[in-house]
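Here the protein sequences come in this chain order: A and B.
To get the working numbering, take the position in the first sequence, counting from 1, and add 1391.
To get the working numbering, take the position in the second sequence, counting from 1, and add 3.
Note that these hints are calculated values from the structure, not bench results.
The structure displayed is predicted, hence computed values, not measured ones.
Incorrect hints may have been included.
To be verified - Derived DSBU-like pairs: lysine-lysine, alpha-carbon spacing no greater than 35 Å straight-line:
{"id": "1", "chain 1": "B", "residue 1": "Lys185", "chain 2": "B", "residue 2": "Lys233"}
{"id": "2", "chain 1": "B", "residue 1": "Lys66", "chain 2": "B", "residue 2": "Lys28"}
{"id": "3", "chain 1": "A", "residue 1": "Lys1740", "chain 2": "B", "residue 2": "Lys233"}
{"id": "4", "chain 1": "B", "residue 1": "Lys66", "chain 2": "A", "residue 2": "Lys1740"}
{"id": "5", "chain 1": "B", "residue 1": "Lys125", "chain 2": "B", "residue 2": "Lys28"}
{"id": "6", "chain 1": "B", "residue 1": "Lys28", "chain 2": "B", "residue 2": "Lys11"}
{"id": "7", "chain 1": "B", "residue 1": "Lys229", "chain 2": "A", "residue 2": "Lys1740"}
{"id": "8", "chain 1": "B", "residue 1": "Lys139", "chain 2": "A", "residue 2": "Lys1740"}
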Amino acid sequence: MTRLPTNKLREIVGRLPTTRDEDWKYTDLSRARDITSRWLDAGGETDAAEMAEDIARITASIDATWFVIANGELQLPDDAPGVSATHLDEAPAADSALAELNTALLLDGLRLRIDGTPGKPVGLLLIDGAASAATSQAYVDVVFAAQSSGEVIEYHASLGATDHYANTMVGITVGDNAAASHVRIQNRDLNHVQTGRTRVAVGRDAKFSSAGFDLGGGLIRNDIVIDIAQPGAEISFDGLYLAGEGQHIDNHSRVDHRVGPATSSQEYRGILNGKCRCVWNGKAIVHEGADGTDADQANHNLLLSEKAEIDAKPELEIYTDDVKCSHGTTVGQLDETSLFYLRSRGLDKQQATQVLTHAFAAGLVSRVPVEPAREAIGALVEARLATLIQSNEYFS
Amino acid sequence: MLEIKNLKSRIGDSEILRGLSLSVKAGEVHAIMGPNGSGKSTLAQVVAGHQDYEVTEGSVAFKGQDLLELEPEERAREGIFLGFQYPVEIPGVNNAYLLKAALNAKRKHHGLDEIDAFEFLKLAKEKMATLGMDPKFLNRGVNEGFSGGEKKRNEILQMAVLEPELAILDETDSGLDIDALKAVAQGVNALRSPERAIVLVTHYQRLLDYIEPDFVHVLSQGRIIKSGDKTLALELEEKGYDWVREAANG
C-alpha cells in the first residue's frame, strides 16, 4: 500500500476527534496529534527497535498461536493450526478520522479465519516502541466461521519509554452458532497513547465473551462496538482498569440491539490511585422491533485517592417495548470496616489495601473467558496492583 | 498485662466510655457484662484500635507499653486479638490466605521465619478439627456466606492460629446454637494458660457456664459499677441489671 503524501496525512491528523466531540469530551487526543506531527516532521520513518526479547517473553507467557505486529509490521507464525491467515489485500473502508489515519498509514493488515475448533487461542501481540517518537497502525480482522468455536487474545505492549501513538482496529465476526472468546490486555508504558477499536458483529445464535484489562498506558481510549443483527445472540464483556499517577484510561462501549431476542451484559471495574482519570461510557441502543432484548450494564469504581477522577456514564436508548434493561454504577472508597478487620489481624494498611483491591478485581480475573490467558492475566493484575497502591502519598 | 485507667472515649459527639478502669493479669479470664449501650463493644474496639473511637482521657497499657500509640496491626502483632461481634465478610479473599498472612505478619514482627504453605495447612487443619470446622472453609472467601455460627467459629479459628496473649471476645456467644457455643467455648478454654488473658464481653450468662471466669464486671453508662467473682454473673442472670444499677446509684 502506498502512503499518502505528508500534507494529506497532516490534514487527517487535523481531523482527529477533539474534546468538542461529545464522544471524546473527556479524552484529549492532543498528545496523539503531537506525537504524529513530530514523527511526520522527522520523515515519518520508524527506526527498528530490538524487540525480540520482549516478544519472546510475552509470547511465552500465554500458550497461543501468536501473530506479532511490531511497530505496525506483521510477523506471521511458521505454523498456525486451525487458522488461515492472509495479508489484507485492499485498504479497509474508513468511517472516521481515526479509521482514515489507520488506512493511510497501515503497513500491513491481517485477516484471520477460524474454522472448527483450533486447539489454541489466536494471539495478537501489538508491540510498539522506537528510538524516537513514532506512530503505528494495526488492522486485524478475525472471522469465526459458522459453528466454529475459538479464542483470541489482543495483547498491547510497549518497548522502552519513548513517546508513541498506536492506533488499532480489530474486527471480529462471529458466524451463526459460533462461539468466540476474546481478551484484551493493555500493558503499555506511560509515554504511550493508544486509540483502539474492537468492532464485533455476531450471527444468529452466536456467543461472544470478552474481557479487557487496562494495566498501563499514558492516554488510552478503547472502543468496543458490538452489532447484533441476528436473533439469539449472547454477548458478555468485562473490563478492568487499574490507573495510577498520570494515567488516563477511557473505555467506551456501544451495543446495538437491532433484533431480538438477544442478551448483552457488561461489567467494568476500576481501581484508581493518585492523580489520574478514567472514563466509562456504556451505551446500549435497543432499536425498534428488537423485542426480547435483555441488556445489563454495571460499572464499579474504587477511588483510593482524592485526586483520582472517574467519569461514569451509562446510556440506554430504548425504542421498543418488550425489553429488560438495567444499569448500575458505583463509586466508592475502600470499606473501612473491612480495612479495620484485616488490620486487627496484623496486616498493615498497605497489605490490607492490597488484599481488598485484589478481592475487588478477582471476580473479573476468575472469569476471564480465554482460559489459557487467565493465569498470566492474574499475575499481571497482581503486579500492577502492588505498584499501584505503593505509588503515592496514600500510605505516608 | 492490660491496665486501663480512667478511660474516656467517644464516637462523634457521644461520649460512651466515661472513666473506665480495668486491670487484667496474665492467666486471668474476665467477663464484662452489661446492658445494651453500656459501652462493652466500645471498650473492645478501643483496645483493638478502631479509628472511629476517639480517646479523650485516660490510658491503656499493654505489657507496660502505651497501647494508644500503636496502630491496630501493631497491637495485633504484639499479641492482642479481637473476636468481632459482627465478623466482616470479604468476598474474593480466601480464608486460608488471610490466616496465613496474619500469622506471618505476627511471626515476622517477632523475628521468626514465615511459615511455609505445608506447615501452615497442617496447623490450620489441626485447629479446625478441634473446633469441628470442615477444612473446606479454608478455601472459601473470608466469612463469605457463612452462617452466624460459622462466622463465630471462624473468629475462634483465627484466634487459635494466632495464639494471642490477650484475647477480647466481643459477644462471641450471640446467635450461637448449643453445639456452636460448646465448640467456641472449647476453643477459648484450649487457649487458657498462665501466660494468656481472656476478656469475654457478653450480654448473657450462658457462655460463662462453659468458660468459667475469674472475675465478672458490670458495665453501665461507660463505667464498671460492680466487680465480683463468677457468682455475680448468676446473680445478674437472676435479678437483671437494674439491681446493680440501683445499688451503684444508691
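Now for the hints, and whether the structure bears them out:
Proposed proximity of lysine 185 of chain B and lysine 233 of chain B is supported: the alpha carbons are some 19 Å apart, at most 35 Å. Note on lysine 66 of chain B and lysine 28 of chain B: the hinted pairing holds, with a Cα-Cα distance of about 10 Å set against a maximum of 35 Å. For the hint pairing lysine 1740 of chain A with lysine 233 of chain B, the CA-to-CA distance comes to about 40 Å; that exceeds 35 Å, so the pair is violated. In summary, the hint linking lysine 66 of chain B to lysine 1740 of chain A is supported, as the alpha carbons are separated by about 24 Å, within the 35 Å threshold.
This hinted pair checks out: lysine 125 of chain B and lysine 28 of chain B have alpha carbons roughly 32 Å apart, not beyond 35 Å. The hinted pair formed by lysine 28 of chain B and lysine 11 of chain B meets the criterion: a straight-line CA distance of about 22 Å does not exceed 35 Å. For the hint linking lysine 229 of chain B to lysine 1740 of chain A, the alpha-carbon distance of about 38 Å lies beyond 35 Å, and the restraint is violated. With a CA separation close to 28 Å, the supplied pair lysine 139 of chain B and lysine 1740 of chain A stays within the 35 Å bound.
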